[in-house]
Amino acid sequence: MQYGGNGNSFGNSITNGSYSFSNPIFASLAGYSSMALLKMLGMSTYTIIQRFRTGNFPTPEDNIYKQLMNQLGLSTTNNNNLGNKNDTIERARENHLNDLENIIPFILVGLFYVGTRPKFDCALWHFRIFLLSRILYTIAYQVPLPQPTRTISWLIGYSSIISMSIPILRSIQF
Amino acid sequence: MQYGGNGNSFGNSITNGSYSFSNPIFASLAGYSSMALLKMLGMSTYTIIQRFRTGNFPTPEDNIYKQLMNQLGLSTTNNNNLGNKNDTIERARENHLNDLENIIPFILVGLFYVGTRPKFDCALWHFRIFLLSRILYTIAYQVPLPQPTRTISWLIGYSSIISMSIPILRSIQF
Amino acid sequence: MQYGGNGNSFGNSITNGSYSFSNPIFASLAGYSSMALLKMLGMSTYTIIQRFRTGNFPTPEDNIYKQLMNQLGLSTTNNNNLGNKNDTIERARENHLNDLENIIPFILVGLFYVGTRPKFDCALWHFRIFLLSRILYTIAYQVPLPQPTRTISWLIGYSSIISMSIPILRSIQF
Chain A
763 MQYGGNGNSF
773 GNSITNGSYS
783 FSNPIFASLA
793 GYSSMALLKM
803 LGMSTYTIIQ
813 RFRTGNFPTP
823 EDNIYKQLMN
833 QLGLSTTNNN
843 NLGNKNDTIE
853 RARENHLNDL
863 ENIIPFILVG
873 LFYVGTRPKF
883 DCALWHFRIF
893 LLSRILYTIA
903 YQVPLPQPTR
913 TISWLIGYSS
923 IISMSIPILR
933 SIQF
Chain B
763 MQYGGNGNSF
773 GNSITNGSYS
783 FSNPIFASLA
793 GYSSMALLKM
803 LGMSTYTIIQ
813 RFRTGNFPTP
823 EDNIYKQLMN
833 QLGLSTTNNN
843 NLGNKNDTIE
853 RARENHLNDL
863 ENIIPFILVG
873 LFYVGTRPKF
883 DCALWHFRIF
893 LLSRILYTIA
903 YQVPLPQPTR
913 TISWLIGYSS
923 IISMSIPILR
933 SIQF
Chain C
763 MQYGGNGNSF
773 GNSITNGSYS
783 FSNPIFASLA
793 GYSSMALLKM
803 LGMSTYTIIQ
813 RFRTGNFPTP
823 EDNIYKQLMN
833 QLGLSTTNNN
843 NLGNKNDTIE
853 RARENHLNDL
863 ENIIPFILVG
873 LFYVGTRPKF
883 DCALWHFRIF
893 LLSRILYTIA
903 YQVPLPQPTR
913 TISWLIGYSS
923 IISMSIPILR
933 SIQF
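Protein chains in written order, with the numbering used here: chain A, 763 to 936; chain B, 763 to 936; chain C, 763 to 936.
Calculated directly from the structure, the hints in this document are not laboratory data.
Check each hint, because a few of them may be wrong.
One copy or any two copies: either way a pair holds, since identical chains are not told apart in the list.
Dumping the calculated DSBU-like pairs for lysine-lysine here, alpha-carbon to alpha-carbon at most 30 Å [unchecked claim]:
#, residue 1, residue 2
1, Lys-828, Lys-881
2, Lys-847, Lys-881
3, Lys-847, Lys-801
4, Lys-881, Lys-801
5, Lys-828, Lys-847
Every value quoted in this text rests on a predicted model; they were computed, and no experiment measured them.
Can you make the complete structure from the sequences, with help from the hints?
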């Protein structure tokens with residue numbers, strides 16, 4: 763990105779600011795954040811698929827979906843559990859909640875972290891490790907894989923967020 | 763917004779950046795995001811109103827609210843369900859959780875989407891459709907309206923988020 | 763932050779934009795947001811500690827943690843409640859959910875609020891009051907303190923978010 767007629771490239775890099783796709787760290791955060799959010803949004807679709815597979819829906823008005831499935835000749839593993847808890851669905855919902863508790867803080871801390879002008883490689887590895895940890899967490903929760911796989915994958919992502927918050931708190935004068 | 767003594771308006775528009783209220787797309791996102799967040803925050807107040815109406819509170823220390831209601835002569839529909847599930851309250855809470863799962867990703871994806879410099883009309887319609895879909899979702903869940911109204915209104919908002927994430931992922935070099 | 767060779771300090775302050783650590787309001791939001799997010803992330807660790815103390819874990823694969831505790835000779839207050847609700851853990855989880863419902867909107871509204879160029883003192887007091895209200899809320903929920911301490915501390919933080927959203931909505935032309 764060129765700033766016309768000034769000829770002061772250092773001035774330009776300051777002026778452009780951290781929050782622009784011309785800053786590769788911000789562009790990288792945008793990409794990894796979007797992928798993490800799409801993974802999280804995918805939990806909604808996954809939960810709906812599990813609801814249709816098990817015939818377990820949360821509200822009485824959802825009964826039309828059961829009637830539809832019966833008309834289409836699709837059997838469900840359990841037809842009498844409207845509003846009851848189902849292990850498969852609870853796994854999907856708890857996974858989704860854990861995503862909310864971790865992915866959203868990652869993006870918000872990440873936005874401020876970009877403003878502290880970290881080294882590109884250091885930032886990129888934080889983003890990569892976080893995204894991989896969340897994918898592994900989801901696999902470990904839904905398969906499920908033996909513990910402590912799920913706990914460790916959660917802990918890696920969690921540590922990445924904590925690590926990004928340190929330069930933010932160090933750059934603030936209270 | 764004028765940048766003094768340069769006379770290069772194209773340079774200015776670049777320098778000002780995407781993240782400023784002088785960018786109408788960012789200003790628009792700020793407005794629609796705030797309204798969506800206020801709608802979401804409204805679910806807290808709505809849940810509290812339902813708790814007082816039904817006399818259903820989550821913790822033992824909330825008993826003082828029941829005693830207060832009795833002293834004021836306000837009858838509740840059910841006095842013995844402390845900590846138990848109540849359909850009306852679960853509807854409000856599930857609605858609130860669904861807002862978290864959709865409105866927060868909308869704003870975060872929206873922030874990065876603004877950085878991809880989309881066309882103003884295209885961005886504005888994404889924001890408008892999303893906000894309307896969430897208002898319709900809330901009405902459909904709380905009235906409740908017959909299904910698939912709730913599912914379709916959720917799907918419209920969901921699609922709006924996915925649609926905004928495409929230009930972000932396309933503008934990133936991995 | 764100096765912009766080289768221009769000599770127009772007003773132009774500079776506009777060009778630098780709201781979203782930079784050179785803007786003390788943005789730097790302040792970054793600090794208070796990070797502290798609020800770390801408090802929220804702390805709820806995950808607190809919940810895990812409570813799970814080990816009570817021997818209450820959410821999934822069958824977590825049984826290895828119970829076996830580990832037995833091998834180490836650590837007794838748990840209850841050994842037979844896998845997947846069942848436990849009051850202490852529900853308190854931690856509900857607190858965590860309430861943090862999500864309030865801290866995330868605070869940061870997102872705060873980001874747009876910074877763009878409306880509020881007075882520094884006014885912004886700083888919004889951030890301070892919000893963070894204090896969330897710390898008090900957590901203490902009131904977990905000790906627990908008698909009501910209405912928890913309700914009032916929630917209401918103070920909630921009001922701070924609503925108050926920040928007003929200048930955003932006033933600065934938008936619809």
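Query raised in the report: Going through the earlier hints one by one, which of them does the structure break, listed in rising order?
Result: 1, 2
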